[in-house]
Structures are given as C-alpha cells and as structure tokens.
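Turn these sequences into a full structure, and let the hints guide you.
Listed in order, the protein sequences are those of chains A and B.
Here the numbering used here runs 3 ahead of the position in the first sequence, where the first position is 1.
Here the numbering used here runs 450 ahead of the position in the second sequence, where the first position is 1.
No lab work stands behind these hints, which were simulated from the structure alone.
Treat each hint with caution, since some may be false.
Below 30 Å or equal to it, Euclidean Cα-Cα: the simulated DSBU-like pairs (lysine-lysine) are [unchecked claim]: (1) B:Lys472 with A:Lys79; (2) A:Lys48 with B:Lys472; (3) A:Lys76 with B:Lys518; (4) B:Lys558 with A:Lys48; (5) A:Lys76 with B:Lys469; (6) B:Lys515 with A:Lys48; (7) B:Lys515 with B:Lys558; (8) B:Lys515 with A:Lys76; (9) A:Lys79 with B:Lys515; (10) B:Lys548 with B:Lys472; (11) A:Lys79 with B:Lys548; (12) B:Lys518 with B:Lys558; (13) B:Lys518 with A:Lys48; (14) B:Lys515 with B:Lys469; (15) B:Lys518 with B:Lys548.
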Amino acid sequence: MPLRKLISSPEAERDVAPFSGSFTASDTQFRMAPEVQPSKVEIPKVGDYYADYSPLTPEEIAEVDAECAELFKRSKRVSG
Amino acid sequence: MSFYDPTTAPDVFDIVWCKWPKRENPLAPGPWVRCVLVLDVRLMIDADETEWAAITAAYGTDAAKVEKADLSNNLLITSAEYRALGLHKSTVFKLDLKNRFRLAWAEKYFVPQSYVRDRGIVAGSLNATQQATVLTE
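What follows is the structure, given as structure tokens:
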C-alpha cells in the first residue's frame with residue numbers, strides 16, 4: 004500500500020526546507036524560550052492592595068500596633 | 451486615628467480585608483492586605499467620647515499552605531465557596547485563640563473590597579452551614 008502523502012501540491016513541497024541535521028539552540032536557550040516558560044503567577048488584588056494568603060505565626064498575630072493598644076487601654080466598652 | 455463610622459462595622463461571620471500585621475518584604479510589588487473572618491464586634495468609647503467599633507477576627511490562609519491535619523478543627527472555604535465570599539482561592543480560617551486579634555474599625559487597619567458593588571467594606575458573609583462550623587469548633 005503506498006504511503007499517504009501529507010503534502011499533495013508540488014509548490015507546497017518546494018516550500019518545505021530540508022532538514023539541516025543540526026539543532027543550534029542550547030538546552031538552556033530552549034528552557035528559557037518565552038513560549039516554554041511557565042506563566043507568571045498573578046497575585047490577586049483588592050483595590051490597590053495585594054491579597055496575602057500566607058500563613059501567620061502566633062507571634063506575628065500577637066504583635067499589636069502601639070497606637071491601637073493605647074486606644075484599647077483608654078477606651079471603655081459601650082455595648083455588649 | 452481615622453475611625454470608620456461604627457454603624458458601618460461588619461457583622462459577626464463577615465469577611466473583610468485587613469492591613470495588619472504589615473508584610474515587610476522589599477521584593478514585594480506593593481502593600482498587602484489579608485482576609486479576616488469577623489468573630490466579634492463591640493462598640494467602644496474613647497476618653498474624648500468618640501465612639502468606635504472594636505473588631506475581633508481570625509486570619510485566613512491559603513488552604514494549600516495548611517497541613518491536612520489542621521483542616522479538621524478549622525473553617526475550610528472550599529473551591530466551590532470562596533468566590534461567594536469575595537475570596538480569591540480556597541481558604542482556611544483557623545479558629546483557635548492564637549489566631550485571633552483585636553483591632554479598631556479604622557482606615558489604618560481595614561480596607562474596602564473593590565469588586566462587589568453595594569457591599570461596601572464587607573467582602574462576603576458566611577452562609578448558615580459555614581456559621582454552624584464556626585460555632586461548633
């Protein structure tokens with residue numbers, strides 16, 4: 004059975020460059036080519052701010068802004 | 451301090467965006483905010499008679515960064531739920547006391563969400579099932 008020709012027109016056949024037998028891009032160049040780079044991770048935004056979903060330690064959470072701590076000290080609870 | 455009007459304070463079980471604690475990272479592209487789940491709201495009065503709201507809340511963390519063992523006793527917002535709450539991804543709110551903080555309802559600490567009209571500062575509110583999870587933990 005004859006092999007099926009993928010390029011049927013003689014003009015199209017002439018447009019196909021012969022295989023050169025060599026690959027010039029280095030492995031590094033190949034990996035850095037834009038079309039094979041992973042897409043950049045987009046950081047979600049809230050208005051002009053970036054949303055941070057990273058874990059916090061109890062120490063970071065316990066860190067209270069001095070101005071706010073003073074405010075709590077001098078204020079009283081109104082409702083319960 | 452520039453307080454928000456206490457009448458605009460979120461309700462318990464609302465999710466809002468908080469600027470504190472600040473993330474100090476010189477390589478970061480800009481200021482950062484964190485999603486928090488409101489657990490208590492109290493009206494306070496300063497020595498100069500100014501009324502303000504005190505917010506107790508728990509921080510949210512990317513669920514992918516939380517150990518599986520930590521998921522059971524906390525509130526997991528799944529991939530099917532997070533959009534309705536104004537979040538960007540599956541999120542875990544740790545409900546233990548060590549993950550809670552208290553701040554004034556003020557511009558210095560909280561920022562309005564910007565993606566849902568007519569919702570003001572609140573990004574979303576837990577549904578009844580999610581609220582029940584918080585109450586039982």
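Comparing the hints with the structure gives:
Only pairs whose Cα atoms come within 30 Å are accepted, and B:Lys472 paired with A:Lys79 is accepted, the gap being roughly 27 Å. Distance check on the hinted pair: A:Lys48 and B:Lys472 sit about 16 Å apart at the alpha-carbon level, within 30 Å; holds. Between A:Lys76 and B:Lys518 the alpha-carbon distance is near 39 Å, which puts this suggested pair outside the 30 Å criterion. Restraint check for B:Lys558 and A:Lys48: the C-alpha separation of about 18 Å stays at or below 30 Å, so the hint holds.
Pair hint A:Lys76 plus B:Lys469 holds up; C-alpha atoms about 21 Å apart against a cutoff of 30 Å. Between B:Lys515 and A:Lys48 the CA atoms are separated by roughly 19 Å; this keeps the pair inside 30 Å, and the hint holds. The hinted pair formed by B:Lys515 and B:Lys558 meets the criterion: a straight-line CA distance of about 28 Å does not exceed 30 Å. With a CA separation close to 35 Å, the supplied pair B:Lys515 and A:Lys76 exceeds the 30 Å bound.
The suggested pairing of A:Lys79 with B:Lys515 is violated, with an alpha-carbon distance near 38 Å, which exceeds 30 Å. For the hint pairing B:Lys548 with B:Lys472, the CA-to-CA distance comes to about 18 Å; that is within 30 Å, so the pair holds. Restraint check for A:Lys79 and B:Lys548: satisfied, since their Cα atoms lie roughly 24 Å apart, inside the 30 Å limit. Taking the CA atoms of B:Lys518 and B:Lys558, the gap is near 34 Å; set against the 30 Å cutoff, the hint is violated.
The hinted pair formed by B:Lys518 and A:Lys48 meets the criterion: a straight-line CA distance of about 27 Å does not exceed 30 Å. Restraint check: the Cα-Cα separation between B:Lys515 and B:Lys469 comes to about 20 Å, which is no more than 30 Å; the hinted pair holds. At most 30 Å may separate the alpha-carbon atoms for a hinted pair to count; B:Lys518 and B:Lys548 meet this at roughly 19 Å.
Taken one by one, the earlier hints fail for this structure at numbers 3, 8, 9 and 12, listed in ascending order.
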